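Asker: The lines below spell out each chain.
Number of protein chains: 2
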Amino acid sequence: MLPPAGEAVSIVEVAPRDGLQNESVVLPPEQRAEFISRLAACGLKRIEAGSFVSPKWVPSMAGTAEVLKLLGDRPELRLSALTPNARGFADALASGVAEVAVFMSASETHNQSNLNCSIAESLSRYAAIIEQGRATGMPARAYLSVVVGCPYEGKVAASKVVRLGVKLLEMGCYELSLGDTIGVGTPRQVSELVRDFIAEGVSPERLALHLHDTRGMALVNVLAGLESGVRTFDSSAGGLGGCPYAPGASGNLATEDLVYLCDGIGLQTGVNLENLVDTSAWMAEKLGKRPVSRVWQALRATKENA
Amino acid sequence: MLPPAGEAVSIVEVAPRDGLQNESVVLPPEQRAEFISRLAACGLKRIEAGSFVSPKWVPSMAGTAEVLKLLGDRPELRLSALTPNARGFADALASGVAEVAVFMSASETHNQSNLNCSIAESLSRYAAIIEQGRATGMPARAYLSVVVGCPYEGKVAASKVVRLGVKLLEMGCYELSLGDTIGVGTPRQVSELVRDFIAEGVSPERLALHLHDTRGMALVNVLAGLESGVRTFDSSAGGLGGCPYAPGASGNLATEDLVYLCDGIGLQTGVNLENLVDTSAWMAEKLGKRPVSRVWQALRATKENA
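So the protein lines, in turn, are chains A and B. One point on numbering: in the numbering used here, the residue at position 45 of the first sequence is 45, and numbering is uninterrupted. Each number in the numbering used here comes from the position in the second sequence (counting from 1) with 1000 added on.
It should be emphasised that the hints constitute simulated quantities derived from the structure, not laboratory data. As the structure is a prediction and not an experimental result, all values here were calculated from the model. Please note that the accuracy of each hint is not assured.
[As the list claims (entries may be wrong)] Some chain B residues close to chain A (C-beta under 8 Å, calculated; not the full set):
no., residue
1, P1187
2, D1213
3, T1214
4, G1216
5, D1257
6, R1294
7, A1298
[Stated by the list, open to error] Listed next, the in silico DSSO-like pairs over lysine-lysine satisfying Cα-Cα at most 30 Å (straight line):
no., chain 1, residue 1, chain 2, residue 2
8, A, K69, A, K56
9, A, K155, B, K1303
10, B, K1289, B, K1303
11, A, K289, A, K303
12, B, K1303, B, K1286
13, B, K1289, A, K303
14, A, K155, A, K167
15, B, K1286, B, K1056
16, A, K69, A, K45
17, B, K1289, B, K1069
18, A, K45, A, K167
19, B, K1155, A, K303
20, B, K1289, B, K1045
21, B, K1286, A, K289
22, A, K56, A, K286
23, B, K1303, A, K289
24, A, K289, B, K1289
25, A, K45, A, K286
26, B, K1045, B, K1167
27, A, K286, B, K1289
Think of the CB as a built atom: it goes at the ideal place given N, C-alpha and C, for glycine as much as any other residue.
One chain only, chain A, in its complex shape (with noise of 0.2 Å):
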């Protein structure tokens, strides 16, 4: 069953981060300062600003701090960072951030890969971090990336996923964001999944979806995951980031095609598509490419035809 017409989605922008991170072209703080702002014009609240990483590792988020100071004060927006370490949320503490984030892998291969540690070295990193946070009145929430697959291990079975992803709420984190990263994963997956969080006692109104839409399958997980409860989706404006396989193929769920699905379902999400469009544009032209979302291109190009 959809939710009934009038109900508010909440959509976390991730398009500054995971977006701008896994694109070649490196924009210095005051063109990624600029796209928040935008962003924010669209109506979008919520928005991922960078990343306390080392600019050795990601040199696309080198300056994150500069990004929050060009922003200045926002009280209206919650802007977050990724801090994988306690540098990291020392960095952004200092930063003045509304929110952090942490950040690691459902399977043991991945996490390795992509945090150069174990999963339990992750999770008593966090502890501290999250702990950090509630005292210093920053919450923080948690992604948990290859919820479906890896491209590693194959298969995830879900009882570990819901078993890292209770643990990472009871250690303190407001919000536990799925991540389906290589993007294999189809509705059913997506409702046994969030069913099996509802019967560990979690509320689907604690988790979001985090889709990518490699294989096209973005939407339809969002839809199960609606019908499922889960109200927060996590997108990325013009589906910036990521192009796995091919020129036009695609990473992160492109915002335009959330904001039009929700738009046409009756929710709320509080974005308009037609700024969103503009905004998108003007970021890939600064990225020399065209966004890879399909709500994009058609809006676009009714518009030019006009």
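For chain A, the structure is supplied; the task is to place chain B on it using the hints.
Answerer: Below, chain B without anything else, positioned relative to chain A:
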């Protein structure tokens, strides 16, 4: 609610007609027949083989009789051909094709533009064809297009769609394919349309959905259809047919995407996805383009990198 795993979904493969008709390259009957044979070898049973219309109007469908002759007797398949008028029906009858299809629009302006006659004239023309089909053992399928939105008239009233659809079924069509020709629909519209047909006594087993992926909504609408009891979907190998806006933009729902979704949720299509990806690659080469299907792109890339 998703259908239980193990249920069957019927795919009507439209690439050899609806797909090729909307491509700029015109292929000879030999290649079209080979395309159909290859699709059949992938496990597709219901295939639109061509159209008996004047080659002056639709040059790409010239030689449909020759296509069918080259295919020979294929009792395991259900090949169909579009028959817009009495002349077309006579040609279809002579060709030995198993089924005919009639097509019209739910909006007056679109019907005029597409068929050069009024809806009332279409209905009266088809009454004769459907009756002849019944007399000669050729079942007729009906396509009703622009069932959600019309490029000329905007939103199309569901009541009008239901009235015309019921009429076509009452006239003797065994199945009604509801086409979101411009790809604007979203799941609630699909669910409500199917519900309205059911309220008029039409079993969802007599309905099919013909969805376009222009705004990436085809699969969410398939899901809404599945949850409403529909088990038949039209799709086009490689997403062939219609780049209505821009390079990379998509018209027809790609069969690859539909099969991946059905495989994922445990529904039986009888189609071998890997073979289908190869078949679409073969056809794409003939047309000098890449399939727009994301599943195609992801699977092909996996193969090329292996």
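Asker: Check the structure against each numbered hint from earlier and tell me which ones fail, lowest number first.
Answerer: none
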